[in-house]
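Residue numbers (my numbering), protein chains in the order written: chain A, 1 to 248; chain B, 1 to 358.
A hint or two may mislead.
Using 20 Å as the maximum straight-line C-alpha spacing, the simulated SDA-like pairs for lysine to any residue come out as follows [claimed, not checked]:
(1) A:Lys123 / B:Arg211
(2) A:Lys121 / B:Ser212
(3) B:Lys238 / A:Lys123
(4) A:Lys121 / B:Ser116
Hints in this document: simulated from the structure, not taken from any laboratory. Note that the structure is a prediction, hence the values are computed from the model and not measured.
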Amino acid sequence: MSREPALEVRAVSKWFGAVQALDQVSLRLGQSEILALLGDNGAGKSTLIKCISGVHRPDVGDVLIDGEPVELRSSADARRSGIETVYQDLALFDNLSPAANFFAGREETRGSWLGPFALLKEKAMASHTEELIHRLKVNVPARVGLVGLMSGGQRQGVAVARAAAFASKVVILDEPTAALGVRESRAVLDVVRELPKAGVAVIMISHNLEDVLSVADRAVVMRRGRIVGEEVPTEETHERLVGLIVKG
Amino acid sequence: MSSSAAIAGRAGPPPGPTGPPVSVRTPLAERTLWLGLTIVRMGPALILVLLVLVMAAIAPFFLTERNIQNVLTQTSVIALLAMGQLLVIVVRGIDASVGSVVGLSTVTGALMFGTSLHAAPIVIATMLLTGVVIGLINGCVFVYGRLPNSLINTLAMLYIAQGIAQALTHGDALQGMPSAVNDLGGGFLGVVPEAALLVAGMAILATVFCRSTRWGRWIFAVGGNIEAARRVGIPVNKVLVSVFVISGVFAGLAGVITAGQTNAGYGLAGSTSMLDAIAAVFIGGASFMGGRGSIGGALIGAFIIGCLRNGLDLLNVYPTWQLVAVGGVMLLAVELDVVRGYLENRFRVAQASRAVRS
Chain A
1 MSREPALEVR
11 AVSKWFGAVQ
21 ALDQVSLRLG
31 QSEILALLGD
41 NGAGKSTLIK
51 CISGVHRPDV
61 GDVLIDGEPV
71 ELRSSADARR
81 SGIETVYQDL
91 ALFDNLSPAA
101 NFFAGREETR
111 GSWLGPFALL
121 KEKAMASHTE
131 ELIHRLKVNV
141 PARVGLVGLM
151 SGGQRQGVAV
161 ARAAAFASKV
171 VILDEPTAAL
181 GVRESRAVLD
191 VVRELPKAGV
201 AVIMISHNLE
211 DVLSVADRAV
221 VMRRGRIVGE
231 EVPTEETHER
241 LVGLIVKG
Chain B
1 MSSSAAIAGR
11 AGPPPGPTGP
21 PVSVRTPLAE
31 RTLWLGLTIV
41 RMGPALILVL
51 LVLVMAAIAP
61 FFLTERNIQN
71 VLTQTSVIAL
81 LAMGQLLVIV
91 VRGIDASVGS
101 VVGLSTVTGA
111 LMFGTSLHAA
121 PIVIATMLLT
131 GVVIGLINGC
141 VFVYGRLPNS
151 LINTLAMLYI
161 AQGIAQALTH
171 GDALQGMPSA
181 VNDLGGGFLG
191 VVPEAALLVA
201 GMAILATVFC
211 RSTRWGRWIF
221 AVGGNIEAAR
231 RVGIPVNKVL
241 VSVFVISGVF
251 AGLAGVITAG
261 QTNAGYGLAG
271 STSMLDAIAA
281 VFIGGASFMG
291 GRGSIGGALI
301 GAFIIGCLRN
311 GLDLLNVYPT
321 WQLVAVGGVM
331 LLAVELDVVR
341 GYLENRFRVA
351 QASRAVRS
């Protein structure tokens with residue numbers, strides 16, 4: 001495994017018109033690290049994530065993967081570079097199975113000469129999905145069928161597992177537990193904890209310090225487009241993290 | 001085949017029809033919900049079976065060989081249109097133009113038959129091409145004209161295609177079709193109407209397309225969540241255009257059958273079957289919210305309408321009451337879709353609360 005950080009952001013700035021959303025932000029994400037990104041609304045967390053996932057392009061600064069600068073012009077570019085993002089709306093297909101959701105847009109097929117009529121490898125996709133769901137310990141009833149029939153936590157689990165399945169480097173999670181109850185949150189965080197074992201690093205936006213304490217190796221706090229501090233989240237640093245979020 | 005089978009088929013391993021899909025620990029309430037869901041999903045098939053049984057009991061002629069042939073022939077046009085319409089409805093659209101595409105394609109076929117290029121394959125190809133062209137226009141206007149809903153532009157096409165068809169024939173019927181086309185309309189292979197064989201063949205093709213090909217999967221993905229489909233890199237615009245083209249092809253095929261049945265090209269042919277086809281799709285369990293439905297379901301819907309009309313004819317019920325009956329069944333089907341949504345919601349909640357308890 002490379003000694004270089006899995007992902008590095010170097011002095012990235014981003015303006016929207018006259019408003020500066022990011023101001024010289026630098027960030028290093030170690031291999032297999034779980035990094036929490038904290039900050040109040042409007043602190044620039046989402047903009048930073050969108051710069052990493054190819055939705056926005058930084059006006060100034062670089063994004064590096066394994067020490068190599070990369071140009072992320074689109075979210076497809078980011079995916080090709082090994083970065084997968086789970087947004088709050090999850091982007092799941094309720095009318096399809098977990099396996100169909102996993103492979104949507106990148107289905108495994110046979111007979112590629114058939115073009116659009118290439119036949120789906122249903123069994124292969126189902127077994128890959130099952131294997132991954134099992135490995136990440138996602139609590140999904142094996143044969144429930146449609147994603148639309150799953151609970152919020154199970155859906156979140158499927159979305160996170162889908163990202164993990166295709167990310168070779170980094171999984172970005174935007175508020176993965178925001179819509180969930182305590183028990184379901186815990187189940188999702190268990191899944192997040194499994195991700196580094198699969199060789200991917202994680203950036204997780206969260207408002208919930210309890211979540212951060214329980215999974216993150218490191219927490220970075222943003223305020224007004226800047227990084228204002230970082231801590232290893234523990235009970236002792238809890239107060240200081242809150243202080244950073246509120247006052248910078 | 002019910003819509004449940006189709007959905008489960010797309011959805012990897014099908015949930016067993018006999019029990020809940022989960023372990024022995026599954027609570028009773030959840031099992032009951034699953035049973036309810038299964039029944040609702042099989043609703044259209046159950047309605048068809050019930051309808052056939054009732055008709056057979058009160059109309060002695062209903063289950064005779066001759067009458068079954070009649071039902072199959074009469075329903076073939078609606079069935080073809082319904083299969084094409086299904087894919088449009090899956091992506092939350094509607095294709096209101098198909099009625100006059102049937103008429104227009106019978107006219108273009110008849111015109112081609114009047115030229116020196118009157119071989120059956122060329123005539124049939126002309127009719128299918130008519131459907132493709134109209135479908136392509138429908139799809140492109142809808143997608144690239146950035147219309148919020150396809151109802152309006154396909155309604156416009158309903159007028160345009162019918163106007164063109166009437167103009168081409170000066171409002172008359174053009175007599176004459178190749179014998180192969182007439183055979184497709186009214187011929188038999190053994191005891192089976194050729195039209196029914198065509199429907200069966202197309203149903204198999206369309207089912208394989210929907211369930212087992214990448215493009216078919218993409219159509220259902222776009223219907224389920226168009227934004228997510230964009231995000232995962234599915235060519236959403238092309239998928240949307242393609243469903244209108246497919247619907248056009250099916251309308252062209254329905255035109256072939258219609259032309260064969262009447263041995264003529266006539267602009268107003270098929271103008272009533274469009275509403276039947278849309279009704280059939282919804283009766284067959286497709287959801288007006290998109291993403292849900294199956295070719296088998298659309299066929300079942302078509303045959304419910306076909307059996308209802310034929311049976312009421314046999315019973316000498318005045319034709320206007322057939323309309324009332326079809327409308328009634330459609331309301332029932334749409335309400336079933338609502339009940340299904342409610343049960344699925346309850347099921348989801350039950351899942352979540354079990355996750356909390358365990």
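Right, here's what the structure says about each hint:
1. A:Lys123 / B:Arg211: At roughly 13 Å apart (the allowed maximum being 20 Å), Arg211 (chain B) and Lys123 (chain A) satisfy the hint.
2. A:Lys121 / B:Ser212: holds (8 Å)
3. B:Lys238 / A:Lys123: Not OK: Lys238 (chain B) and Lys123 (chain A) at ~27 Å, beyond 20 Å, violated.
4. A:Lys121 / B:Ser116: violated (47 Å)
The structure fails to meet hints 3, 4 from the earlier list, while all remaining hints are met.
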